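S.K.: Those sequence lines, one after another, are chains A and B.
Sequential numbering of the first sequence, starting at 2, is according to the working numbering.
Sequential numbering of the second sequence, starting at 10, is according to the working numbering.
Read the hints as simulated data drawn from the structure, not as lab findings.
From a predicted model like this one, the values you see are computed outputs, not experimental measurements.
Beta carbons: idealized from backbone N, C-alpha and C, even for Gly.
Covered, in the sense of this in silico footprint (three residues per stretch, anywhere, with C-beta under 8 angstroms from a C-beta of chain B), are these stretches of chain A:
id, stretch
1, 140–154
2, 184–196
3, 201–209
4, 216–225
Below 25 angstroms or equal to it, Euclidean Cα-Cα: the simulated DSS-like pairs (lysine-lysine) are:
id, chain 1, residue 1, chain 2, residue 2
5, B, K75, A, K160
6, B, K75, B, K120
7, B, K181, B, K120
8, A, K251, A, K90
9, B, K212, B, K190
10, A, K230, A, K90
11, B, K217, B, K190
12, A, K230, B, K75
13, A, K197, B, K190
One-sided excerpt, in silico: chain B residues whose CB lies under 7 angstroms from chain A:
id, residue
14, N24
15, M73
16, A110
17, S152
18, Y170
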Amino acid sequence: MKDIKNDGPPRTTPIQSATFSQSINAEIRRAAATGIYDIRGGGAKRKVPHFDDLLFLGASISRYPLEGYREKCETSVTLGTRFASNPIKLDIPVTIAGMSFGALSGPAKEALGRGATLAGTSTTTGDGGMTPEERGHSNKLVYQYLPSRYGMNPDDLRKADAIEVVVGQGAKPGGGGMLLGQKISDRVAEMRNLPKGIDQRSACRHPDWTGPDDLEIKILELREITSWKVPIYIKVGGARPYFDTTLAVKAGADVVVLDGMQGGTAATQDVFIEHVGQPILACIREAVRALQDLGMHREVQLVVSGGVRTGADVAKCMALGADAVAIGTAALIALGDNDPRWEDEYQKLGTTAGAYDDWHEGQDPAGITTQDPELMARFDPIEGGRRLNNYLKVMTLEAQTIARACGKNHLHNLEPEDLCALTMEAAAMAKIPLAGTDWYPGKPETSY
Amino acid sequence: MQTIDLEAEGLRHLNATLHAQAENTNQTAWEVLNPRGSHAIACGLDAPIEVTVKGSTGYYCAGMNKQATVNVHGSAGPGVAENMMSGTVVIEGDASQYAGATGHGGTLVIKGNASSRCGISMKGIDIVVHGNVGHMSAFMAQSGNLVVCGDAGDALGDSIYEARLFVRGSVKSLGADCIEKDMRPEHLEILRDLLEKGGCDAKPEEFKRYGSARQLYNFNIDNAY
Ligand SMILES: Cc1cc2nc3c(=O)[nH]c(=O)nc-3n(C[C@H](O)[C@H](O)[C@H](O)COP(=O)(O)O)c2cc1C
Numbered sequence: 002m003k004d005i006k007n008d009g010p011p012r013t014t015p016i017q018s019a020t021f022s023q024s025i026n027a028e029i030r031r032a033a034a035t036g037i038y039d040i041r042g043g044g045a046k047r048k049v050p051h052f053d054d055l056l057f058l059g060a061s062i063s064r065y066p067l068e069g070y071r072e073k074c075e076t077s078v079t080l081g082t083r084f085a086s087n088p089i090k091l092d093i094p095v096t097i098a099g100m101s102f103g104a105l106s107g108p109a110k111e112a113l114g115r116g117a118t119l120a121g122t123s124t125t126t127g128d129g130g131m132t133p134e135e136r137g138h139s140n141k142l143v144y145q146y147l148p149s150r151y152g153m154n155p156d157d158l159r160k161a162d163a164i165e166v167v168v169g170q171g172a173k174p175g176g177g178g179m180l181l182g183q184k185i186s187d188r189v190a191e192m193r194n195l196p197k198g199i200d201q202r203s204a205c206r207h208p209d210w211t212g213p214d215d216l217e218i219k220i221l222e223l224r225e226i227t228s229w230k231v232p233i234y235i236k237v238g239g240a241r242p243y244f245d246t247t248l249a250v251k252a253g254a255d256v257v258v259l260d261g262m263q264g265g266t267a268a269t270q271d272v273f274i275e276h277v278g279q280p281i282l283a284c285i286r287e288a289v290r291a292l293q294d295l296g297m298h299r300e301v302q303l304v305v306s307g308g309v310r311t312g313a314d315v316a317k318c319m320a321l322g323a324d325a326v327a328i329g330t331a332a333l334i335a336l337g338d339n340d341p342r343w344e345d346e347y348q349k350l351g352t353t354a355g356a357y358d359d360w361h362e363g364q365d366p367a368g369i370t371t372q373d374p375e376l377m378a379r380f381d382p383i384e385g386g387r388r389l390n391n392y393l394k395v396m397t398l399e400a401q402t403i404a405r406a407c408g409k410n411h412l413h414n415l416e417p418e419d420l421c422a423l424t425m426e427a428a429a430m431a432k433i434p435l436a437g438t439d440w441y442p443g444k445p446e447t448s449y
Numbered sequence: 010m011q012t013i014d015l016e017a018e019g020l021r022h023l024n025a026t027l028h029a030q031a032e033n034t035n036q037t038a039w040e041v042l043n044p045r046g047s048h049a050i051a052c053g054l055d056a057p058i059e060v061t062v063k064g065s066t067g068y069y070c071a072g073m074n075k076q077a078t079v080n081v082h083g084s085a086g087p088g089v090a091e092n093m094m095s096g097t098v099v100i101e102g103d104a105s106q107y108a109g110a111t112g113h114g115g116t117l118v119i120k121g122n123a124s125s126r127c128g129i130s131m132k133g134i135d136i137v138v139h140g141n142v143g144h145m146s147a148f149m150a151q152s153g154n155l156v157v158c159g160d161a162g163d164a165l166g167d168s169i170y171e172a173r174l175f176v177r178g179s180v181k182s183l184g185a186d187c188i189e190k191d192m193r194p195e196h197l198e199i200l201r202d203l204l205e206k207g208g209c210d211a212k213p214e215e216f217k218r219y220g221s222a223r224q225l226y227n228f229n230i231d232n233a234y
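Please put together the full structure from these sequences, using the hints given.
M.R.: Right, dumping it as structure tokens:
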């Protein structure tokens, strides 16, 4: 029998608050102690409705499948057919997103070029300009035209296979960039025309145009300088996809690149990454609707990014109406970022494999997001390129597997009708019927 | 002297013709008629040629210029000589916003006034303005020289890095981290040279120098533990 005197009356077990969770409280304490917000790399870590909330239906009596290994399922895509005399032809619809030299080491950029080239796709420069290694190892290289204009020059512009005017990024629509002094090596400093060792801000707005009417003239200038040869992409974060897509098309884009909130960044405030922008799932159909309303779907190509990881994700993007996808974080992981083999060193940095996101500090054990010569030497660009190519191949095979199961002989033939949604949220955002119904929230002519 | 009538022959013809001029061309003098405020006139040039535009231009005239000399016998719209690498651009009249934005090299001379954001994010260009400059000029200016013979508007040199600013008249206000600095003999030398290049008869001693206090160079962020 219990001795009430000794044990006391039964007590409520301690309950942690869902609102004031351990991690929230820890962040409050950190802020209180330091007086400064948290800066990190990567994308949104919170769970948001995503491609995992969609499923393919597969073939049935009304739709017949294609034979898995025997029957053709094309994967090629051409970007920039609207105005450019040399559009970009890619073998696969998975491209490598813009990641800056500065954020990434020279060898890491080289590996991205090597892997993309082996796989028959394009890679993209980033804030900080074009390096010769990257140009040399990339068969198709997209040159970013960013607000900072670091390293921007007409010679590199003319060496590019396409130009991407960056208006925003999914991780931080409305925000600029940051490269901390630790990562400013002599080479990075020289390319950016700034002193070594200082923290470099990248502006959030272009210095010489504001608004869609100016952008149209800026694009005219870029086309005149490059003799109307190469496609011009406009990259926007997932903020107002219908209007941004409409305005990008009006301004003369050949390609719209749309990056959702899960999209990675080299460095920005955590509060920005987690609280600004929409999940890519909510953006794709709106961008496609804008293109359709203008009669420009497939005429102006749509490239989407932000949390694309697998061939299934690629197939879902295509089914929702995209022409291609771009990957950033996944490509870095394929190269070896956050690999458990470096666990001991992640621990020393106060983190663990999979959670490491202080890329801006330049101490990356995997030698990818650093400018430290010793750490950089750990990373082999040839092996990195091979791994990236393997990964891109697997993604493509996976997407083809799904397309064939849906009876499609080209990834572009996937369509919204091939999908169902697992949750109400995903159904509403992607405008795909909830599994087991022919309904999604907001469907026209629905009576409640 | 080669003459191209922009109205009759079109922008593509004009720029393609100018781009086709080789390094050692002997057709060095070009005249552009009827610019009528058109955009992107003579942008992306890369040869030692001299182009005279007879009238006013729209946006981005002489954008990304290399080697060439471009004279505008009129006023220039926004972003004249943006991201210029080398060469010389001379505007006889006024220049609109963002003149010389992000320029890496060469000399931009504006004989009239320049509007706001003159020399924004400049990266090595020399800009000489005979008149005044508007607000937010030399915002985030990284390197190079901005000479203003008249007055400067609000927030001059906000968030400036290593560019040098010389102003003869008044400065309405200085932007964040921009301060007045001593004019040492070497600066007078640099300025004398710039004034001569810009065709100004002002005396270097009449100017004040402004530059970065270098207080914003390091953020000391992410003290995570
Ligand atoms: C390390 C790193 C650096 C990046 N640098 C740039 C950049 O310079 N310019 C840019 O437009 N986007 C940049 N991004 C964003 C990517 O281009 C892309 O939008 C994003 O990574 C896509 O989402 P994902 O990472 O989920 O694949 C960067 C992303 C990462 C991870």
